[in-house]
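In the order they appear, the protein sequences are chains A and B. Everything in the first sequence is counted per the working numbering, starting at 1 for the first residue and increasing by one. Everything in the second sequence is counted per the working numbering, starting at 1001 for the first residue and increasing by one.
Hints may be right or wrong, so weigh each one.
To be verified - Computed cross-link-like contacts, DSS-like style, restricted to lysine-lysine with a CA-CA straight-line distance of at most 30 Å:
(1) A:Lys162 / B:Lys1369
(2) B:Lys1369 / B:Lys1177
(3) B:Lys1053 / B:Lys1369
(4) B:Lys1053 / A:Lys162
(5) A:Lys162 / B:Lys1170
(6) B:Lys1170 / B:Lys1369
(7) B:Lys1053 / B:Lys1170
(8) B:Lys1177 / A:Lys162
Everything labelled a hint here was simulated from the structure, so no lab data went into it.
This is what each chain is made of:
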Amino acid sequence: MYLALFIFFAVLCVAGALNLLLQRHPINSALSLIVVMTSLAVLYLLLGAQFLAAVQVIVYSGAIMVLFTFVIMLLNAGREEHTRGSRAAFLVGFPGAAVLLALLVQIFLSARGHLAQARLGEYVTATHTLSSVLFRDLLLPFEVTSVLILIAILGAVALARKEP
Amino acid sequence: MIAIEQGAQQVAQGYAVHQIYQIYRILPEVVLTITGVLIMLIEPLLPSRASRKPLGGLAIVGTLAALIASLWQMSLPAGTAYHGEVRTDAFSVFFHVLILGIVLVTLLTAVDVFLPETENTAEFYALVVFGAVGMCLMTSAVELLLVFISLEISSISTYILAGFRRHTGKSTEAALKYFLLGSFATAFFLFGIALLFGSTGTTTFAGIAAGLPGTATPAFAVIAVAMILVGLGFKVSAAPFHVWTPDVYEGAPSPVVGLMSTAPKAAAFAVLLRIAFEVCPSLHVRWMPLIWLLAAISMTVGNLGALRQQNVKRMLAYSSIAHAGYLLVAFTALSREGIAAAIFYTAAYAVTNVGIFAVVSHYGGYEEKLLSIADYRGMARHFPVLGGALAFFLLSLIGIPFTAGFFGKFYVFSASLSAGVLWLSILGLVNSGIASFYYLRLVTAVYSQPASEAPAVRRPGWALQLALLLTVTATLVLGIFPGRTLAMARAGAATYAPSSAITGSLKAAGGVSGAPLPVTPLHAAGQ
Chain A
1 MYLALFIFFA
11 VLCVAGALNL
21 LLQRHPINSA
31 LSLIVVMTSL
41 AVLYLLLGAQ
51 FLAAVQVIVY
61 SGAIMVLFTF
71 VIMLLNAGRE
81 EHTRGSRAAF
91 LVGFPGAAVL
101 LALLVQIFLS
111 ARGHLAQARL
121 GEYVTATHTL
131 SSVLFRDLLL
141 PFEVTSVLIL
151 IAILGAVALA
161 RKEP
Chain B
1001 MIAIEQGAQQ
1011 VAQGYAVHQI
1021 YQIYRILPEV
1031 VLTITGVLIM
1041 LIEPLLPSRA
1051 SRKPLGGLAI
1061 VGTLAALIAS
1071 LWQMSLPAGT
1081 AYHGEVRTDA
1091 FSVFFHVLIL
1101 GIVLVTLLTA
1111 VDVFLPETEN
1121 TAEFYALVVF
1131 GAVGMCLMTS
1141 AVELLLVFIS
1151 LEISSISTYI
1161 LAGFRRHTGK
1171 STEAALKYFL
1181 LGSFATAFFL
1191 FGIALLFGST
1201 GTTTFAGIAA
1211 GLPGTATPAF
1221 AVIAVAMILV
1231 GLGFKVSAAP
1241 FHVWTPDVYE
1251 GAPSPVVGLM
1261 STAPKAAAFA
1271 VLLRIAFEVC
1281 PSLHVRWMPL
1291 IWLLAAISMT
1301 VGNLGALRQQ
1311 NVKRMLAYSS
1321 IAHAGYLLVA
1331 FTALSREGIA
1341 AAIFYTAAYA
1351 VTNVGIFAVV
1361 SHYGGYEEKL
1371 LSIADYRGMA
1381 RHFPVLGGAL
1391 AFFLLSLIGI
1401 PFTAGFFGKF
1411 YVFSASLSAG
1421 VLWLSILGLV
1431 NSGIASFYYL
1441 RLVTAVYSQP
1451 ASEAPAVRRP
1461 GWALQLALLL
1471 TVTATLVLGI
1481 FPGRTLAMAR
1491 AGAATYAPSS
1501 AITGSLKAAG
1511 GVSGAPLPVT
1521 PLHAAGQ
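Bound conformation, chain A alone (with noise of 0.2 Å):
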């Protein structure tokens, strides 16, 4: 059952990231990215992160997808025009990927038999526990995250402002 779930969403992800590169309309990429955050959530769930599943759909599935939705309709952006791409692209960046994920499989599948087994649906990681780590053991980057999204912020209005 929980494997069922698993492979179903597990396959929905891949194609919703695949769907939000081949798309040509901008609103339709935004609408792929919905359907990846979504099932990652149901996967954080499956391996019995509740809070962190809840916070996915609300913060990314949410928020920040309704921030793109709104900025690309108020950008009005059109469907975007295909160069062909570069030929560096096509002879060193495809067989390179296909060669760094090959490699990356091969490690997965040699070290099989060593690798510890995630319980799906089987484990329920506490709110308590999560806090634990995050404000007691990782207090400092948790701390020092906010002083990046406030370079992120001053980035922002200093590249965006309105030119005088």
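Given the coordinates of chain A, work out where chain B should sit on it, guided by the hints.
Here is chain B on its own, set in the frame of chain A:
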């Protein structure tokens, strides 16, 4: 576990009585953050037509305060804080002082170069200061998540700074290219972190170092280190991950190039040193050939590329690729002496390069009109101080005695030769010879007969004079009295306790050694 270790360490050193507040370990970063926030808060209060120079002054004062704070950290005993997230020791203090010095010179240059009508000046100062928070934290972080977040702080602030001259197409192009390629490299770095966590069940440096020799999935660890090497290789612009460098350096504002060719690179090299010699010393058989290759390609590609450039900024971009290569040579020595040489070389290259870009920024002005080598003809006649400083810095990049570059190269190649890395050292020395051609071409242009009347360049103001004074003095001091700095670099290298173990095991036919440790399952490690 780390907290207990720290406690035990303090008891052992007799510091149990005196409380060391955790915030002391991140004091420079706290000072910088407060400075940045103050700049952002004061800016809207100023009249819109008023000069933003006082805010630049505030940024300079804040950086100086952070510099003093990190020097003060030397009086603390080495140790960790915040559950083993940061560690202050001789190594972190050395890099803090270096990075803050670079930021100081960059701010001084920016104060000089910015015109009254330049837009977003206050945001520039704030971004530089916030970026410095990330770079400083990178050098003291001993946990991969914190390394990642501080790397992002430093990168994102440089992406934005690269695109600061919005009205030119080149600057926007530079920012976009840098951002896209940088994010790609970051993904590699993050994947590497995930795989290291997968093979050891922890993200702290000490935990990974202890867990790696006995891990049940050694293939994961190897590919993880390779991916981290790709990510950091991009940040230090080592070939073959260098493709962005010339375009970005050409398009970004010159003071920013001075910053990003030195400070984030120094921080990334600090992280690379920690990962290579503290986290993965047991894998040195695997990463050493990779770094050997990176060093060889970087030196060759950088120097051959620089030969053909007519634009000074592009030439310096290729030269920075080559210098990343020389620095990586020091890694292959696999000894404390090599680590010390790498630390010293970072400092020597940084003070020289930030000085060059101070001159280039001033000479080109904010609009960067004078950039080709032909524009520099006769510079020394019209502007003797600027021309002299530029020639001096170029000689330091070549590695002429009595400059910082000489001892930098000397220590790197003597460390690698004494470790028996013969071919790479020969390649490096040949490359230094090739490099002197294009550096000397610019020196000759500066000291040749001017082709026309003097270009409209302002006289250097106090800020630029101070910046040049600082960099020229630092280059001279490193070139004439390198002993003190080298001693500090050696003290930094001595913080790598396990590194003597690697060199030992390397000499003894170099196998992966260490007692096997029980591997914690993923779920247990997450709690």
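Going through the hints against the structure:
no. : hint                  : result
1   : A:Lys162 / B:Lys1369  : holds, 25 Å
2   : B:Lys1369 / B:Lys1177 : holds, 22 Å
3   : B:Lys1053 / B:Lys1369 : holds, 23 Å
4   : B:Lys1053 / A:Lys162  : holds, 22 Å
5   : A:Lys162 / B:Lys1170  : holds, 19 Å
6   : B:Lys1170 / B:Lys1369 : holds, 13 Å
7   : B:Lys1053 / B:Lys1170 : holds, 26 Å
8   : B:Lys1177 / A:Lys162  : holds, 22 Å
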